[in-house]
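Work the whole structure out from these sequences, hints included.
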Amino acid sequence: MPLPTLKDQFAALIAAPSVSCTQPGLDQSNSAVIELLAGWLADLGFSCDIQQVSPGKFNLLASFGSGPGGLVLAGHSDTVPFDGQLWQTDPLKLTEVDGRWVGLGSCDMKGFFALAIEAVKPLLEQPFKQPLLILATCDEESSMAGARALADAGRPLGRAAVIGEPTGLKPIRMHKGIMMERIDILGRSGHSSDPSLGHSALEAMHDAMGELRGLRLQWQREFRNPQFTVPQPTLNFGCIHGGDNPNRICGQCSMEFDLRPLPGMDPNVLRAAIQQKLNPIAERHKVKIDYAPLFPEVPPFEQAEDCELVRVAERLTGHRAEAVAFGTEAPYLQRLGCETLVLGPGDIACAHQPGEYLEMSRLQPTVQLLRQLIEHYCLTPATAG
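Counting along the sequence shown from 1, when you hit position 229 you're at 229 in UniProt numbering, and nothing is skipped either side.
Since the hints were made in silico from the structure, they are not lab data.
Ideal Cβ placement from N, Cα and C applies to all residues, glycine included.
Fair warning: there could be bad hints in the mix.
As the list claims (entries may be wrong) - Restraint ranges, calculated between C-beta atoms of paired labels, are given here:
# : residue 1 : residue 2 : range
1 : 123       : 241       : 50 to 60 Å
2 : 39        : 364       : 23 to 33 Å
3 : 2         : 180       : 44 to 54 Å
4 : 211       : 231       : 19 to 29 Å
5 : 121       : 231       : 34 to 44 Å
6 : 214       : 325       : 16 to 26 Å
As the list claims (entries may be wrong) - Simulated crosslink set (SDA-like; lysine to any residue; CA at most 25 Å straight-line):
#  : residue 1 : residue 2
7  : 7         : 80
8  : 286       : 188
9  : 93        : 363
10 : 7         : 92
11 : 170       : 232
12 : 170       : 372
13 : 286       : 232
14 : 7         : 42
15 : 121       : 100
16 : 129       : 47
17 : 277       : 239
18 : 286       : 245
19 : 93        : 352
20 : 121       : 45
21 : 121       : 170
22 : 121       : 66
23 : 170       : 66
Structural data, given as structure tokens:
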């Protein structure tokens with residue numbers, strides 16, 4: 001039976017709901033997407049390994065050819081939630097509008113899998129000297145559980161990995177990390193007329209924020225990378241809640257903040273520095289301070305600019321490798337020994353937006369680029385540079 005066309009595969013992937021969300025009411029399984037991909041790839045002769053990460057959540061690792069080395073074409077099978085009423089078209093139906101393929105996941109990033117399959121199809125009759133692996137992960141848009149599970153398993157993948165996130169077909173070799181943290185302070189409430197009757201969690205939080213601002217200043221003096229649009233690390237105070245009445249000493253206060261470290265900044269070292277600043281505040285104000293991540297961090301990512309993958313991608317695209325602010329699964333694949341780049345056809349500006357789209361003019365250039373990468377890594381000897 002002939003394989004569906006590129007457009008048919010694109011449409012089928014978009015029609016398979018796979019929302020990943022921290023809110024259980026919106027979260028969905030990605031099994032329909034994984035089953036589609038596994039079926040198509042198996043029909044092409046790929047060996048498909050479906051790994052359950054958690055109930056209803058799966059990774060797919062499909063391989064063609066065998067041996068060490070090779071190329072990984074990677075992406076996530078999930079999408080963000082969507083506001084259907086804000087879309088001009090059905091989010092779960094591929095619609096052609098003004099030279100664009102519109103649909104949820106078209107840009108970020110289920111469409112990449114259809115393009116990877118289109119790229120490899122004409123090459124499958126040739127002998128693969130190194131394997132091609134197509135990796136589809138779960139829950140990138142929430143917990144990154146799929147990529148974390150893969151990294152924790154420690155199974156080597158390939159010599160090089162390309163993640164098809166939306167970069168406008170420009171190679172990306174660097175991005176900041178993402179840390180979302182919380183501080184909960186438990187004091188003791190009391191009548192506001194006599195400060196000795198309580199321990200103010202709000203005043204302790206005021207001091208904690210002062211210390212965090214001091215650390216932010218220190219880190220911004222110490223760390224700078226001009227390749228980023230915002231060249232310093234950032235720390236944003238996102239939300240704060242505490243107390244209940246003006247005439248009561250505040251007994252409880254909580255705050256959440258976002259820290260974006262540069263490559264070279266270790267999240268564990270940053271957390272230790274924060275904790276060191278909080279300990280004296282707890283003692284001074286006689287309060288309990290609980291500091292912890294809201295989610296596991298996404299580490300900063302940097303791939304050496306003189307490595308083979310960067311050189312090859314720069315030559316094939318005609319663009320110098322750049323840096324972006326958004327986070328990806330790149331650090332997890334890098335941990336498995338892959339030279340790693342982020343390189344895909346979409347534009348990040350339309351990701352996570354109503355009317356998400358992929359320019360049709362990017363379809364064939366992406367197929368051609370992926371085909372050239374497969375030829376370089378899989379059809380030529382491992383010593384090729």
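These are the hints, each one checked on the structure:
1. 123 / 241: 50 to 60 Å: holds (56 Å)
2. 39 / 364: 23 to 33 Å: holds (25 Å)
3. 2 / 180: 44 to 54 Å: holds (46 Å)
4. 211 / 231: 19 to 29 Å: holds (24 Å)
5. 121 / 231: 34 to 44 Å: holds (43 Å)
6. 214 / 325: 16 to 26 Å: holds (24 Å)
7. 7 / 80: Roughly 22 Å separates the two Cα atoms, so the pair holds.
8. 286 / 188: holds (9 Å)
9. 93 / 363: Cα-Cα ~18 Å, so holds.
10. 7 / 92: holds (14 Å)
11. 170 / 232: holds (23 Å)
12. 170 / 372: Since the Cα atoms of residue 170 and residue 372 sit roughly 15 Å apart, the hinted pair holds (cutoff 25 Å).
13. 286 / 232: violated (35 Å)
14. 7 / 42: holds (19 Å)
15. 121 / 100: Holds. Residue 121 to residue 100 sits at ~24 Å (cutoff 25 Å).
16. 129 / 47: holds (16 Å)
17. 277 / 239: Roughly 20 Å between the alpha carbons, so the hint for residue 277 and residue 239 holds.
18. 286 / 245: Holds. Residue 286 to residue 245 sits at ~21 Å (cutoff 25 Å).
19. 93 / 352: holds (16 Å)
20. 121 / 45: The given pair, whose Cα atoms are some 10 Å apart, holds under the 25 Å limit.
21. 121 / 170: holds (24 Å)
22. 121 / 66: holds (17 Å)
23. 170 / 66: Given that 25 Å is the threshold and the Cα spacing comes to 29 Å, the pair is violated.
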